[in-house]
Amino acid sequence: MTNETALYALWLLPLAGAIALWAFGPALKRGAGWLGSAVVLVSFVLAAALFGAVTGGPGGVHAPLVTWTAGFAFGLQLDPLSLLWTLIITGVGGLIHVYAIGYMWSDRAIARFFAYLNFFVFAMLTLVLSDNVVGLLVGWGLVGLASYFLIGFWFYKPSAVAAARKAFVINVFGDLGIMYAVFALYAATGSIAFADVFAKAGTLSSGLVVAICVGLFIGAAAKSAQVPLHTWLPDAMEGPTPVSALIHAATMVTAGVYLVARFAPLFSSSPAAQEMVAVVGGLTMVTGAVLGVAQWDIKRILAYSTMSQIGYMIMGVGVGAYQAGVLHFFTHAFFKAQLFLGAGIIIHALHDEQDVRKMGGLYFRMKFAFWAMLLGTLAICGFPFFSGFYSKDAIVYGALEHGHPVLFLAGVLTAGLTAYYMFRMLFVTFFGPYRGEVPDEMLGIAPQAQPAHEEEHGSHAPAWLMQAPVAILMVPTVVAGYVLWGGAASPWYRYFGSTFAAGENGPLAAPLVPEWASTLLVLALVTAGIVVAYLRYGAPAARADAVARLGREAAGMPVALRRAFWVDDLLAALFVRPLQAFGELIARTLDPHVIDAGVRDFAWLAGALGAIFRRLQTGLVRGYALTIVIGAAGFIAYFALLGGAK
Amino acid sequence: MSVDLANYVALSGVMFFVGVAGVIVRRNPLIMLMAIELMFNAANLALVAFARAWVANAGHVFVFLVITVAAAEAAIGLAIVVAVFRRAKNVDVDEVASMHG
Amino acid sequence: MIAFYALAVVLIASAIFTVTQKSPVYSVVGLLVNFITLAALYFTLDAEFLGVIQIVVYSGAILMLFVFVIALLSSGIGPFSEGPNRLPRIALPALLATLASFGFLAFGLLHAPLAPIPAHASASTLGAVGNANVFGSVGDFGVALFTVQLLPFEVTAFVLMVAVIGVVLIAGDAAPQQTLGTHPAKRRARERESIVKVLK
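Residue numbers (this note's numbering), protein chains in the order written: chain A, 1 to 646; chain B, 1 to 101; chain C, 1 to 200.
Mixed in with the good hints there might be a few duds.
Said to hold, decoys possible - To list a few chain B residues with every Cβ distance to chain A over 10 Å, as calculated:
| hint | residue |
| --- | --- |
| 1 | ALA10 |
| 2 | VAL14 |
| 3 | ARG27 |
| 4 | ALA53 |
| 5 | TRP54 |
| 6 | PHE62 |
| 7 | LEU65 |
| 8 | ILE67 |
| 9 | THR68 |
| 10 | ALA70 |
| 11 | ARG87 |
| 12 | VAL93 |
| 13 | ALA97 |
| 14 | SER98 |
Stated by the list, open to error - Computed Cβ-Cβ distance ranges for the label pairs, DEER-style:
| hint | chain 1 | residue 1 | chain 2 | residue 2 | range |
| --- | --- | --- | --- | --- | --- |
| 15 | A | GLY631 | C | LEU92 | 15 to 21 Å |
| 16 | C | GLY166 | A | GLY631 | 23 to 29 Å |
| 17 | A | ASP601 | C | PRO184 | 41 to 47 Å |
| 18 | B | ALA97 | C | THR147 | 45 to 51 Å |
| 19 | A | ILE628 | C | PRO184 | 55 to 61 Å |
| 20 | C | LEU95 | A | THR589 | 52 to 58 Å |
| 21 | C | THR147 | B | HIS100 | 49 to 55 Å |
| 22 | B | ALA97 | A | THR589 | 45 to 51 Å |
| 23 | A | ILE628 | C | ARG188 | 36 to 42 Å |
| 24 | A | ILE630 | C | GLU154 | 18 to 24 Å |
| 25 | B | HIS100 | C | LYS186 | 23 to 29 Å |
Because the hints were derived from the structure by calculation, they are not lab data.
Everything numeric in this text was worked out from a predicted model, so none of it was measured.
All residues carry an ideal CB built from backbone N, CA and C; glycine is no exception.
With these hints in hand, go ahead and build the complete structure from the sequences.
Quick look at the structure:
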């Protein structure tokens with residue numbers, strides 16, 4: 001099998017899986033899970049097999065698809081950047097597929113779930129494997145669609161449907177930006193292939209480049225939940241936990257990072273665009289962390305932490321530290337998936353209880369979940385010797401190196417906040433008394449009705465289905481960061497080689513503080529965060545008093561945090577409600593009075609014409625005879641006046 | 001001064017249109033049929049005139065044909081009239097209007 | 001030539017008379033005059049055979065057919081009665097249409113180069129012998145009918161046969177007491193009556 005064939009195969013297999021599952025899913029029932037997982041894991045094996053081909057020579061593996069016209073050629077390419085994403089998508093994705101077999105074991109629509117998951121993998125692969133901007137755009141849109149399917153998977157829950165719709169609409173708004181950027185690029189360069197576009201990037205006017213970058217970044221911001229287009233991400237937690245793990249943590253939301261990294265030549269040639277990217281990333285990073293402090297739903301805590309970490313990544317690629325930003329994507333995929341899957345184990349064991357206030361004391365009951373969550377938490381905080389430590393430090397110091405001291409400080413502070421709220425989650429969930437039986441009002445939980453999702457009661461999934469992927473993920477959660485060892489000669493830098501050479505700005509000659517000082521600063525803040533969390537939630541005194549303390553905290557939560565800085569309300573007031581009012585106006589006036597009236601009047605016209613002509617049908621012979629004579633008169637006139645056959 | 005062919009054709013035309021008017025205005029089916037006979041004969045006259053002008057006895061044969069067909073048509077038309085109006089109250093073509101729309 | 005104009009006047013007068021009489025019998029008489037005048041015109045046009053045929057077939061047969069039907073229809077009813085006029089104002093459009101048509105015809109005639117009728121009809125073009133050499137004679141017509149125009153001759157025979165069959169079917173006794181507007185039940189009762197009458 002040639003490299004090109006392997007590339008085609010690894011791209012198309014998930015699609016084949018999705019189609020097969022859509023067609024035969026109901027017959028397969030749980031077998032659908034095995035089929036879906038197998039397909040994705042085979043893709044992973046193929047991608048891994050191509051590793052040598054990609055790192056061996058320049059250009060990687062290129063597999064052309066269709067050439068429509070000159071300058072409009074579709075194809076697949078596997079270079080270091082897309083190979084990295086492919087390995088994560090199929091590898092972590094494959095593990096999550098296996099996990100989902102166990103998680104969705106008793107769900108009636110399990111086949112549909114895996115069909116959608118496979119479809120998502122195919123869409124994401126289209127996005128990262130395209131060698132042209134249009135293919136990327138197609139993948140971009142399809143991924144949004146897959147997200148809509150999966151968030152609203154339990155469609156009988158109105159909250160899920162609303163969340164899916166919100167995610168899709170915000171994504172479509174981002175799609176507009178990236179679409180115009182693609183149009184502008186094609187118009188300016190006459191080709192859609194990355195190679196051609198980047199070759200001509202230097203000839204474009206700077207204003208055009210900034211405009212294109214802004215358009216691209218609007219798309220990236222929507223897809224990666226950057227402020228102010230982030231409101232869909234916490235709501236997207238309505239989907240099943242494997243969905244949250246795969247799409248809204250490890251892969252889809254990182255599409256924006258991929259986009260900026262892929263278009264590095266464009267972004268790097270425009271300092272204004274880079275500044276915009278870095279600032280938005282930094283803002284998101286901080287906002288996510290601040291809001292994460294105020295969350296009570298375990299998945300929402302993780303959602304805001306995702307938002308914050310992606311802010312780190314965006315900030316990293318925004319300042320020009322591409323390797324650092326992409327490394328954080330790499331490590332984040334592992335430990336975030338780990339965290340979500342572990343949370344899923346807890347949720348599943350507690351029969352869909354997601355509020356941490358109703359948890360507690362799980363350390364004794366669920367040791368495996370505890371160790372998983374602990375490792376993930378340590379990684380995300382950037383604790384030394386865990387993977388997140390290396391990537392986060394690289395970004396933060398990279399910000400300083402490329403001349404953004406404010407962003408550097410923001411990154412350091414956020415690290416402390418991250419430690420605080422993640423350990424808050426850990427302590428509240430696993431320590432103290434078990435609060436599952438405590439009445440909701442004492443804990444400050446507002447009563448709400450939720451229809452239970454349909455389950456077949458009976459068989460239970462074998463435990464290893466959910467535990468094995470988590471166990472496997474523990475390894476990279478710890479060690480993935482070590483690829484950065486060795487400075488400029490590290491495996492990481494050597495892997496990327498010259499991918500970012502055109503784009504990467506060199507570091508400043510003299511950063512303000514040396515690297516070890518930055519590391520120590522981060523470490524100090526992280527420790528401070530852990531200590532504060534411990535004192536508030538983990539200390540024996542706090543644990544004993546848990547119920548009252550949690551109740552007080554819930555009641556005393558500042559309004560700004562509870563309403564998530566009113567961003568949702570602002571967007572609703574600015575866009576949603578006016579459009580809805582407009583729609584109702586049209587439905588009240590235009591629809592019945594113009595459109596319906598037009599159709600009605602047309603029908604009336606037909607009837608009226610018929611009534612007129614009906615009066616000719618008298619049934620009287622003499623009338624018909626007259627008609628014939630009039631026709632004959634016409635004939636005679638024709639022949640007499642115009643000479644007829646002559 | 002000889003008679004022009006046009007004169008004969010004009011005469012034929014006048015007779016023809018008298019027949020036409022008769023068909024439209026009269027309501028008695030028998031008189032309508034007679035008016036139709038008038039029309040046939042008008043055509044015959046024109047044919048004979050042309051045959052004489054061009055010295056072609058094909059015109060005569062055609063007239064023969066027309067007379068035959070007119071006879072057949074008159075027979076069948078009268079049969080229909082008899083069949084329809086045998087026991088009718090009025091012998092009026094306007095009464096047979098069941099094909100009105 | 002004076003013959004032409006005299007005959008023309010009579011022709012048209014009788015035509016108008018035919019069309020405008022209330023009683024069909026008067027119309028038949030008018031039609032008779034019309035046919036005979038037409039036969040005279042044929043004679044002036046050297047169509048001797050056709051003139052005779054016109055008198056024999058048209059006035060002798062077809063008109064008699066009309067008379068018989070008038071007699072048939074009027075038995076038991078009295079003078080022909082008519083219902084209300086459903087198209088009372090049709091005379092004007094009819095008149096207009098016919099006048100317009102005639103106007104177009106006249107226009108065409110005035111602008112068409114129609115030759116005058118040759119004074120002397122030359123011999124017929126078929127190369128026949130004796131009497132058949134005269135244009136419009138019986139011999140001439142017969143030769144044409146049975147040689148050159150044999151097909152129309154056969155077709156006329158066929159047409160006449162069809163007409164006879166059609167008349168028998170339409171107006172024959174096979175259609176008992178079909179009348180306008182008879183209720184089916186009444187019709188069946190009448191049929192039962194007639195069967196009983198026959199059996200008696």
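Now for the hints, and whether the structure bears them out:
1. ALA10: holds, 13 Å
2. VAL14: At about 14 Å from chain A, VAL14/B clears the 10 Å cut-off, so the statement holds.
3. ARG27: For ARG27/B, whose nearest Cβ neighbour in chain A is about 7 Å away, the distance does not exceed 10 Å, so it is violated.
4. ALA53: holds, 18 Å
5. TRP54: holds, 17 Å
6. PHE62: holds, 19 Å
7. LEU65: holds, 21 Å
8. ILE67: Given that every Cβ of chain A is farther than 10 Å from that of ILE67/B, nearest at about 22 Å, it holds.
9. THR68: The assertion about THR68/B holds, with a minimum of 23 Å to chain A.
10. ALA70: At about 18 Å from chain A, ALA70/B clears the 10 Å cut-off, so the statement holds.
11. ARG87: holds, 20 Å
12. VAL93: violated, 5 Å
13. ALA97: violated, 3 Å
14. SER98: violated, 6 Å
15. GLY631/A <-> LEU92/C: 15 to 21 Å: Holds, since GLY631/A and LEU92/C (Cβ atoms, about 18 Å apart) stay within the stated range.
16. GLY166/C <-> GLY631/A: 23 to 29 Å: For GLY166/C and GLY631/A the Cβ distance comes to about 27 Å; the hint holds.
17. ASP601/A <-> PRO184/C: 41 to 47 Å: Check passed, 45 Å falls within 41 to 47 Å.
18. ALA97/B <-> THR147/C: 45 to 51 Å: holds, 49 Å
19. ILE628/A <-> PRO184/C: 55 to 61 Å: Violated, since ILE628/A and PRO184/C (Cβ atoms, about 35 Å apart) do not stay within the stated range.
20. LEU95/C <-> THR589/A: 52 to 58 Å: With a Cβ separation near 56 Å, LEU95/C and THR589/A satisfy 52 to 58 Å, so the hint holds.
21. THR147/C <-> HIS100/B: 49 to 55 Å: Taking Cβ atoms as reference, THR147/C and HIS100/B lie about 51 Å apart, which means the hint holds.
22. ALA97/B <-> THR589/A: 45 to 51 Å: Check passed, 49 Å falls within 45 to 51 Å.
23. ILE628/A <-> ARG188/C: 36 to 42 Å: For ILE628/A and ARG188/C the Cβ distance comes to about 40 Å; the hint holds.
24. ILE630/A <-> GLU154/C: 18 to 24 Å: violated, 37 Å
25. HIS100/B <-> LYS186/C: 23 to 29 Å: Since HIS100/B and LYS186/C have Cβ atoms about 25 Å apart, the given range 23 to 29 Å holds.
Hint check: violations occur at hints 3, 12, 13, 14, 19, 24; the rest are consistent with the structure.
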